[in-house]
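Q: Residue strings, one per chain:
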Amino acid sequence: MKRWHKLGAGVVFLAAFHCLILFAGFFAPYSYTSRDRRLPFAPPTRLHFFDESGKFHARPFVYDIKDDPAHFGAYLTDTGRRFPIRVFVFGAPYRVAGPFSARVHLFGVDDPGRIFLMGTDAFGRDQFSRFLYGGQISLLAGLIAAFLAISLGMLVGGIAGFYGGWIDNALMRSGELFLALPWLYLLFAVRAALPLQIDSTQVFLLLVAVMGLIGWARPARLIRGVVLSAKERNFVVAARGFGASDSYLLLRHIIPQTGGVVLTQLVLLIPQYILAEVTLTFLGLGVGEPMPSWGTLLASLQQYFILSSYWWMFLPALILMPLFLAYYSAADALQERLKSVSL
Amino acid sequence: MKLLSRRLLHAVLLLLAISFLSFALLQLAPGDYFDEMRLNPQISAQTIEGIRAQYGLDRSLPVRYAFWLFSVLQGKLGFSLSSGMPVGPLLWVRARNTLLLTSTATFLAWALALPIGIWNATKKGKWTDRVTSLATSTLLTIPELLIFLCLLLVAARTGWFPSGGMISPGADGLNALGKAKDLACHLLLPAAGLAMVMMPALIRHIRAAMIEALESPFVRAARGHGIPRVRILFRYALPVAANPLISLAGLSVATLLSASLLVEMILSWPGLGALMVEAILARDVYVVIGVVMLSSMFLIAGNLFADLLLFASDPRIRVE
Amino acid sequence: MNMDQQNPFVRVQYLSKSYVQRHPLTNAKFIVHAFDGVNLTINRGTTLALVGESGAGKSSLARCLALLERPAKGELWFDGLNLAAFGNNQLSVMRRQVQLIFQDSASSLNPRMTAAEIIAEPLVIQKEGTKAEQRQRALALMEEAGLPREWETKLPHEFSGGQRQRLAIARALTLRPKLLILDESLSNLDIASQDQILKLLSSLQKEHSLTYLHISHDLRFVSQFADEIAVMHEGKIIDKEPAAELFTQPKDAYTEELLAAMPTLETICAERFD
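Residue numbers (my numbering), protein chains in the order written: chain A, 1 to 343; chain B, 1 to 320; chain C, 1 to 274.
Excised from the complex, chain A in its bound form (with noise of 0.2 Å):
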C-alpha cells in the first residue's frame, strides 16, 4: 500500500501548504508592503533561547539589530534588549476573505523588535510575509490556469471523440497548432500581444486566462482518447439501445470516466502553470509592483551582487521543491492507481 502512503502524506502536505497560502494575512507578521529603510538586505532573524547570560528562556526571543559601522551593508546583533515572540499579536491589518478585514497575526514582536524569518530585500521589506503573500499570487495563478485548461479541454475532447467525423478533425487540428509552438515561447508572444502597462489584477487575470487558453491541447487529446473508447465499450451501447440521448450517455456514461486522466492532467499541470507565471514575472512580463508574485521576489536575483551576497534571497526558490515535489508524487500515486483500475 506503499501507493497510497505517497498520495496520502502529499495531499496532506499540499493541503496545509495551501492553508497556510490562503490565510497569509494571519500567518505573516507584516503586510507585503509594509518597509523598513534602516534594515535592507538583512539577514533572517536569529531565534534564541539562551540569553547572554546562558539563561534558558522557553519562549524563545529575538535581538534588535543595527549598522553594522566597520562593514558596510552588514549587521550587527544588539542584545541588550530582549523581543520574546508573542502569538496572536495585533498588528496591521488585513483582509480575510473579501470585505472581511482583521488584526490578529499568528505571531510576531513588540516594536522596535523585528522577525525577519526569511530577512529582508532592498527596501527593507520582510520577506516571509512577501513570500505569504505572493503565494496567493502564483499559486492562484497556478490553480485557476490549470482549471481553465483542463476544462476547455474536456470540452473539447469530449465534444471531438464523441461526434467524430470532421469535428474531431478540426478541433485536432487547431490543437495541433497549439502543440506545434514550444509553450513558454507561445506564452510570451500572447504576452506581447497584451499592453505592456496595465494595471495588475488585470494582468493577473489576462496572464492567467492566457495560460488557461493555449495549455487545452495535451489535455484534450487524453480526454478525447478515454471518450473514444467509453463510447464504444458495450454499456454506452446498450443505453443507446434503452433510446439514451447523447447528452446522457456523456453525462452519467462517458465523463465519469474521464475522471482519472483529468485529475491526474490537473495534479501534473498545477505546478507547471505556478512555474509559469513565476518564470514570467521573473523576467519582467508579469504581475508587477508591488503585487509580491515568487517571480517578483526572485527577481532581484538577476543581479550580481544581491545573487552573491545574500543568500536568504534564494529561499524562495528553494521552498518551490517540496510544492513541486509534492504535486509530483500526488499525480505519480494517481497515475498508477489509474492503471491498476483497468477498465
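I should point out that these hints are in silico values taken from the structure, not numbers from a laboratory. Hints may contain errors.
[Unchecked claim] In silico EDC-like cross-links for lysine to aspartate or glutamate, where the CA-CA straight-line distance does not exceed 20 Å:
(1) K240(C) / E256(C)
(2) K231(A) / E69(C)
(3) K154(C) / D104(C)
(4) K127(C) / D246(A)
(5) K2(B) / D307(B)
(6) K339(A) / E212(B)
(7) K199(C) / E128(C)
(8) K206(C) / D227(C)
(9) K178(C) / D227(C)
(10) K231(A) / D104(C)
[What the hints assert, rightly or not] Quick look at which bits of chain A chain C covers, simulated, 3 or more residues with Cβ under 8 Å:
(11) 228–238
(12) 247–261
[What the hints assert, rightly or not] Here are the in silico distance ranges between beta carbons for each label pair:
(13) L106(A) / K181(B): 52 to 60 Å
(14) L213(A) / L4(B): 42 to 50 Å
(15) F147(A) / F67(B): 36 to 44 Å
(16) R52(B) / A15(A): 51 to 59 Å
(17) S44(B) / T201(A): 30 to 38 Å
Please read these numbers as outputs of a predicted model, since none were measured by experiment. We treat Cβ as the ideally placed atom computed from N, Cα and C, and that holds for glycine.
Put chains B and C on the given structure of chain A with help from the hints.
A: The following block gives chains B and C in isolation, referenced to the frame of chain A:
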C-alpha cells in the same frame, strides 16, 4: 517518399497558419513600438506617422501580412525597428547561437543519460538503481529557474566560468584555437544547465524502454539460447528500445526550446529566447513573429526528423 | 409454443450491410460486406438460433435487428410494421421492443453502477415512474432473474459471469420487450451456468411470451433449445430449418459439414480409446 512529401506539405500549411494567427494576434494588440517616442514631447506626431508610413505600418492587416510574406520569401522576414535592420539576418545569428547551445546540451544529456539508463536497466532493483531513481526524482522537482540561478551563483562565486555572454571582450584578437576555447568556456554552464534539466526524464525513459525490451519474450529466448549478455544488450535490446526513445527525442524539442529561453535570459546567452524577450519589451513586432515562426519550425522539423528516423529504423513501419 | 405461421413477429427481407474500412498505413478504402441479402422470419414466442463461424456477420446482423445500426439495404418488419419508413423518434419507441444481450457481460455493465441502478437505468432514460417505483421494479426483476434482492447495492465486478448475465437479462426485461437477441451471451460461461441460464430463459419465455434470436457458433449448444435454426456463412443465410429436421435430415451441404465436424461422445471414445 509520398509520405515525406505529405508531411512536408502539412508542415508548411501549419507554419502558414501559425504565421497568420501570430500576425493577427500581435497586430491587434494596442500600442506599438513608437509608444515611448510618443511620450517624448520633442518628437512631433507627424514625424512618428511619417516613420510608420515608411515602414508600412499604417496599412491594413491583410496588406501588411502580404508584404510580410513577400519579405519572408526574400529571406528578410520583415523589419526590426529596434535594430534598424531586416529581421532575417538578426534571426539567423541568434538562431545559430541557440542551436549551438541546444545541440550541445542535447548531446551532453544523451551522452550521459544513455549509459546511466542502460546500466540501471541491467541492474534493476539493485542499490545503484535505487539511488539513481532517487536522484532523478529529486532533480525533477527542482524548478529550472533554480538550477540556472545556482549555476550563475557558482560562476559568480568561483570565477571558474564566465558568468554570461558568449564570447569575452577582446576575444577577436585570439587565434582560432583560442576563440574555440573561449567559446567552450562560455558554452559550458548554459549547456550543462540545459542538460541537467533534460537528463532526469531522459534517464527514466531510457531505463523504462530498456527494461521493457530486456523483459520481452524474444530477448528472454535469446538469453535462453546462451547468447552472451553484452551482445544481447546491444544487438537485441537496444534497437527495440530505440523506437520509443526516438519518438521521445522528437517530442522533447518543445521542452528544450522553452528551457533554453530561460537559460539564455539568466546566463545572458545571446540566443533566440533572449531576442524574443527584448523584442517583446520593445514591442518590435516583426521580430517577435519571426522568433515564433522559427521556433515552431524547429519544433516541427524536430518531430519530422524523429518520424523519419523511426521510419528508417523500424522495419515494421515500412511494410505497406 | 405458439407457432404463428401467418404473422411472424420479425420479418427480414434482403437485409445488407457493409462497412468502409481504411488500410492502416496507406489509408486506401476498401469495403467489407458484413452480410448480404439476408432473409429471415422469426415466429412469435419461438426461439430462432443463428449459427455460423466467427466473422460470418452474425453480430452485425444482431445489431441491425436490435435497431442499434441501420442496414444499408433491405427491409425490416416488426410485428407487422415496416421499420424502413420510421424516423428516428419512432425508432426509439420501437427500440423498447427489442433488447440485445451482449457476449461479454462485464463490458455491458457500467462498472461504477450498482445492480439496482443498472436494472433501473432503462426506466430512468425513458423517464418512467418515480425513483421508488423504479427501484421496486428493479428489485422485482432481480428476483425474477434469480438474483437475491439483498444484492441490489453490489457492483458488477462482485458478481460471477453467470450472475452478471442474469443482471443483463433482468435489465433487458425492464421495458417489457417482445424480442430478445442473445449475441453469444452464454459462450463465455461454464456448462453449469449455461444450463441454469437456459432454464431461466426458458421460463421467462413462457412467462412473458418472448421471442428469442439466439446467436451462436456452436450447433451442439443450440440443439438444446432452438425451435428453428438458420445457418450463416460468409454473410449469407444458406439454410433455415426447424431444429428437428436440421439434425436428422439437413438440406444443405455446408450444414452437413458442420454436423459432421461435431462428433458425439461415443464416436470420440471409439476413435481414441478403442
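Q: Given the hint that K199(C) pairs with E128(C), does the C-alpha gap stay at or below 20 Å?
A: violated (30 Å)
Q: Is the straight-line distance between the alpha-carbon of K339(A) and that of E212(B) 20 Å or less?
A: holds (17 Å)
Q: Regarding L213(A) and L4(B), is the given constraint of 42 to 50 Å on their beta-carbon distance met?
A: Roughly 34 Å apart at Cβ, these two residues miss the hinted range, so it is violated.
Q: Could you see if the CB distance from L106(A) to K181(B) stays within 52 to 60 Å?
A: Holds, at about 56 Å.
Q: Taken at face value, is the distance from the CA of D104(C) to the CA of K154(C) at most 20 Å?
A: Judged against 20 Å, a Cα distance of about 19 Å means the pair holds.
Q: Verify the proposed pairing of K231(A) with D104(C), using a straight-line Cα cut of 20 Å.
A: Given that 20 Å is the threshold and the Cα spacing comes to 16 Å, the pair holds.
Q: Return holds or violated for the Cβ distance of F147(A) and F67(B) against the range 36 to 44 Å.
A: At 41 Å between Cβs, range holds.
Q: Would you mind confirming whether the straight-line C-alpha gap from K240(C) to E256(C) stays at or under 20 Å?
A: holds (13 Å)
Q: If you look at each residue in the stretch 228–238 of chain A, do at least three have a Cβ nearer than 8 Å to any Cβ of chain C?
A: holds (count 5)
Q: Between K206(C) and D227(C), is the straight-line Cα distance small enough, at 20 Å or below?
A: OK: K206(C) and D227(C) at ~14 Å, within 20 Å.
Q: Is K127(C) within 20 Å of D246(A), Cα to Cα?
A: holds (15 Å)
Q: Is the gap between the beta carbons of S44(B) and T201(A) within 30 to 38 Å?
A: Cβ of S44(B) to Cβ of T201(A): about 36 Å, so the range 30 to 38 Å holds.
The structure does not agree with the numbered hints 7, 14 stated previously, though it agrees with the rest.
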